[in-house]
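Protein chains in written order, with our numbering: chain A, 1 to 244; chain B, 1 to 421.
Rather than coming from a laboratory, the hints here were simulated on the basis of the structure.
Remember, predicted model here, so these are calculated numbers, not experimental data.
Careful, some of the hints might be misleading.
As the list claims (entries may be wrong) - Example chain A residues on the side facing chain B (calculated, C-beta under 10 Å, incomplete):
1. 1
2. 18
3. 27
4. 29
5. 32
6. 41
7. 43
8. 115
9. 139
10. 141
11. 143
12. 144
13. 145
14. 191
15. 235
As the list claims (entries may be wrong) - Pairs of lysine-lysine, BS3-like flavour, derived with a Cα cap of 27 Å:
16. 2/A to 158/B
17. 2/A to 206/B
18. 158/B to 206/B
19. 92/A to 206/B
20. 109/B to 6/B
21. 190/A to 222/A
Glycine is no exception: its CB is placed at the ideal position from the N, C-alpha and C atoms.
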Amino acid sequence: MKKLAASLLILTLSVASLVLLNRAGISARKELQPFPLARERFPAFLVKRTVDTYALWKEKQVHGRVVVHLGKYLHFMESEPPGTTLIPEVVKYHSHFDDTQTSYKNFLWTALQTNIAREIITVIPPEDFKIRFALPKGSPVRSDVSGHEYGSLRTFTTRLPSGTEPILLNIDASFFSSTEPDKLLDSLLKSALKADLVTICLAEDNPDVTVSDRQKLLEFVKLLSQHAEVRPFVPSSKSIAVPQ
Amino acid sequence: MTQTKKISPRTFYAGLVLVTILAAFLRTYWLSVTQPTGDEYYTIGEAFDYMTRGHFGLVMWHHPKLRNILVFGSLKLLGANLAGMRGASVLLGTLTATLTGLVARRLTKSDAAALLAALFVAVDALHIEFSRQAVQEEYVPFFLLAGIYFALRYLEDKTLWPLIGSGVLFGLGLASKWSVAIPLVLAFCYLSWLGLRQRGLTTREKASELLFLIAALVVLPLTVFVLTYYPWFLERGYEMGAWLTSQKIMYAENLVHKGANQAFAQMQDHNPLLWFLRPVTYADFQMIQGRPSPVLGVSNPLVWLLTLPAVLYLMYTIRRTHWQSLPLLALFWCSYLPFALTKRLIGVNSSLAVTPFAFMAIASVIIGKLPQDKRRRNYYLGVYLGLVLLAAVPLYAMAIGLGYETFLQPVFELYRPANER
Numbered sequence: 001m002k003k004l005a006a007s008l009l010i011l012t013l014s015v016a017s018l019v020l021l022n023r024a025g026i027s028a029r030k031e032l033q034p035f036p037l038a039r040e041r042f043p044a045f046l047v048k049r050t051v052d053t054y055a056l057w058k059e060k061q062v063h064g065r066v067v068v069h070l071g072k073y074l075h076f077m078e079s080e081p082p083g084t085t086l087i088p089e090v091v092k093y094h095s096h097f098d099d100t101q102t103s104y105k106n107f108l109w110t111a112l113q114t115n116i117a118r119e120i121i122t123v124i125p126p127e128d129f130k131i132r133f134a135l136p137k138g139s140p141v142r143s144d145v146s147g148h149e150y151g152s153l154r155t156f157t158t159r160l161p162s163g164t165e166p167i168l169l170n171i172d173a174s175f176f177s178s179t180e181p182d183k184l185l186d187s188l189l190k191s192a193l194k195a196d197l198v199t200i201c202l203a204e205d206n207p208d209v210t211v212s213d214r215q216k217l218l219e220f221v222k223l224l225s226q227h228a229e230v231r232p233f234v235p236s237s238k239s240i241a242v243p244q
Numbered sequence: 001m002t003q004t005k006k007i008s009p010r011t012f013y014a015g016l017v018l019v020t021i022l023a024a025f026l027r028t029y030w031l032s033v034t035q036p037t038g039d040e041y042y043t044i045g046e047a048f049d050y051m052t053r054g055h056f057g058l059v060m061w062h063h064p065k066l067r068n069i070l071v072f073g074s075l076k077l078l079g080a081n082l083a084g085m086r087g088a089s090v091l092l093g094t095l096t097a098t099l100t101g102l103v104a105r106r107l108t109k110s111d112a113a114a115l116l117a118a119l120f121v122a123v124d125a126l127h128i129e130f131s132r133q134a135v136q137e138e139y140v141p142f143f144l145l146a147g148i149y150f151a152l153r154y155l156e157d158k159t160l161w162p163l164i165g166s167g168v169l170f171g172l173g174l175a176s177k178w179s180v181a182i183p184l185v186l187a188f189c190y191l192s193w194l195g196l197r198q199r200g201l202t203t204r205e206k207a208s209e210l211l212f213l214i215a216a217l218v219v220l221p222l223t224v225f226v227l228t229y230y231p232w233f234l235e236r237g238y239e240m241g242a243w244l245t246s247q248k249i250m251y252a253e254n255l256v257h258k259g260a261n262q263a264f265a266q267m268q269d270h271n272p273l274l275w276f277l278r279p280v281t282y283a284d285f286q287m288i289q290g291r292p293s294p295v296l297g298v299s300n301p302l303v304w305l306l307t308l309p310a311v312l313y314l315m316y317t318i319r320r321t322h323w324q325s326l327p328l329l330a331l332f333w334c335s336y337l338p339f340a341l342t343k344r345l346i347g348v349n350s351s352l353a354v355t356p357f358a359f360m361a362i363a364s365v366i367i368g369k370l371p372q373d374k375r376r377r378n379y380y381l382g383v384y385l386g387l388v389l390l391a392a393v394p395l396y397a398m399a400i401g402l403g404y405e406t407f408l409q410p411v412f413e414l415y416r417p418a419n420e421r
């Protein structure tokens with residue numbers, strides 16, 4: 001009888017602890033009011049620099065989220081830890097993540113490190129996708145590329161993802177290097193995506209983004225304005241630790 | 001198996017305390033002077049990244065995460081210094097010698113063999129090398145032996161707590177390295193077999209026994225294992241489905257992992273089939289301010305090379321000894337074979353989970369084969385132990401990073417990486 005009772009107690013406590021852990025993980029996510037992209041007049045933010053996208057996420061205190069980034073570049077260059085061999089210095093460096101080195105080169109990596117993002121889906125225009133993953137020029141892109149950053153999922157795709165969880169959506173000007181604004185708008189409005197923050201980024205801090213890409217992005221903003229309330233966002237000095 | 005004159009429990013425990021003190025001394029002497037390896041610096045970073053932000057990363061990220069928790073706790077408790085980062089390894093490494101004695105006593109039924117096995121672990125250069133580093137290698141034998149010890153206590157006492165303790169400890173072993181799963185499965189099968197063949201039990205009682213074993217040795221270890229990922233869930237917002245995906249990714253890396261420095265890994269011993277056939281080494285050759293600062297763990301040939309003869313002898317005599325050595329042999333083979341049969345590179349560091357059982361087998365055969373005459377027995381044992389300890393002295397110096405400037409330099413130099421030549 002004792003064994004039976006002990007077994008049931010262990011099983012109950014184990015299941016309860018795993019359920020609680022699962023719930024605690026999900027409730028650690030912080031999101032704003034989500035909306036479907038198919039909805040009329042959804043809010044969107046126009047930002048000048050890639051780092052402003054990061055600053056907006058930080059200011060809105062979103063946490064543990066899936067980021068969908070539409071753009072040609074990955075923004076995932078790791079910043080190097082200091083080369084110190086002094087243990088207190090190593091401890092100090094790793095006790096708190098320092099995001100002051102954030103730039104257009106790494107803002108998505110920083111978002112992952114600071115736990116704004118837990119997963120990143122990068123949507124790359126098909127032509128740029130083929131170049132990046134060395135696929136033959138004429139062939140269609142058949143599948144996504146999955147990767148991970150020490151266990152944190154990263155997906156590279158040419159299509160908007162599906163899924164029910166609200167996302168942080170960032171549309172970078174570089175996406176228009178081989179995509180037309182009306183085509184993207186059509187795909188977005190037809191998608192079943194839900195988001196709680198939509199950013200449209202001119203990427204003025206990224207020297208690899210061309211003037212033509214930015215012009216197309218502004219055309220996209222014009223088209224989108226018929227469906228969404230696009231507002232400019234300027235980060236407050238408090239919210240941003242990244243260099244101005 | 002060994003049938004020698006019994007040592008009184010008091011003498012046994014006094015002997016075990018002495019062995020533990022020796023193990024503690026060898027693991028702490030010169031500890032604050034031995035330079036950290038590259039892996040150790042990374043483990044500090046990873047411990048803090050994991051505990052403060054839930055991130056895996058950089059060094060051995062594909063292993064389970066107990067190391068991050070223990071290194072973090074140890075640094076918080078003992079301070080940001082060498083003792084702080086190595087505290088958990090030193091403690092668990094020391095107690096591995098003690099547990100070897102306690103487990104060997106039950107598996108070999110010989111107090112003398114148990115003390116000898118514990119002494120082998122206490123003075124073993126590879127156990128010492130990894131007990132003095134902020135890595136998880138020494139956690140594995142500790143939690144494995146602790147889990148086995150409490151499972152054996154359950155068989156003796158038939159009270160519930162030892163098996164619950166065993167389940168928790170096995171879970172912590174799993175959270176150190178997945179390889180603990182195989183001895184855990186063995187322990188579960190063995191206890192289930194013993195439970196189901198008990199005479200005089202009703203079907204209901206047998207079902208109750210089996211349910212308890214499943215709860216304590218399957219569900220509980222898995223729960224403890226998952227719970228060690230709590231910073232990953234709580235800091236990063238993950239759920240159980242994502243956890244399973246991450247385990248698959250880690251498992252895939254485990255199958256192909258070649259180490260951060262592949263050229264250096266190729267210079268090391270990484271074939272488990274050689275562990276008990278010739279002396280094997282694990283080296284960390286660093287340059288600190290332009291000067292070599294290597295640590296080099298080399299197996300003691302007078303102990304390690306007796307493993308296979310001892311194990312084969314126990315197998316040969318197993319029927320004569322009424323299958324008494326079966327649990328020990330099963331533990332040895334199920335710890336060793338997964339490494340021996342795997343295709344990817346396996347460093348000598350993994351042998352730490354196997355050698356306690358190897359040493360138990362050796363000690364058991366040595367004690368069993370000693371002559372009955374007390375004087376001759378003490379003479380032979382004394383000579384053998386003297387030789388083992390004599391060989392252990394230079395091996396110890398190399399394992400703690402001493403002796404580069406001495407006659408041992410050519411041995412160290414064998415492991416200087418190509419880019420430092």
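Here is how each hint holds up against the structure:
1. 1: holds (8 Å)
2. 18: For residue 18/A, the interface hint holds, since the closest Cβ of chain B sits about 6 Å away, which is under 10 Å.
3. 27: Constraint on residue 27/A satisfied, holds at 8 Å.
4. 29: This hint holds: residue 29/A lies near chain B, its Cβ roughly 4 Å from the closest one there, short of 10 Å.
5. 32: Violated, because the Cβ-Cβ distance from residue 32/A to chain B comes to roughly 15 Å (cut-off 10 Å).
6. 41: Violated. Min distance 29 Å.
7. 43: violated (23 Å)
8. 115: Holds: closest Cβ of chain B sits about 5 Å from residue 115/A, inside 10 Å.
9. 139: With a minimum Cβ separation of about 27 Å from chain B (threshold 10 Å), the hint on residue 139/A is violated.
10. 141: This hint is violated: residue 141/A lies away from chain B, its Cβ roughly 23 Å from the closest one there, beyond 10 Å.
11. 143: It is violated, given that the least Cβ distance between residue 143/A and chain B is near 18 Å, above 10 Å.
12. 144: violated (15 Å)
13. 145: Violated, about 15 Å.
14. 191: Constraint on residue 191/A not satisfied, violated at 23 Å.
15. 235: Status violated, d = 22 Å.
16. 2/A to 158/B: holds (11 Å)
17. 2/A to 206/B: holds (13 Å)
18. 158/B to 206/B: Holds: residue 158/B and residue 206/B sit about 14 Å apart, inside 27 Å.
19. 92/A to 206/B: violated (55 Å)
20. 109/B to 6/B: Satisfied, since the Cα-Cα distance of roughly 10 Å is no more than 27 Å.
21. 190/A to 222/A: holds (18 Å)
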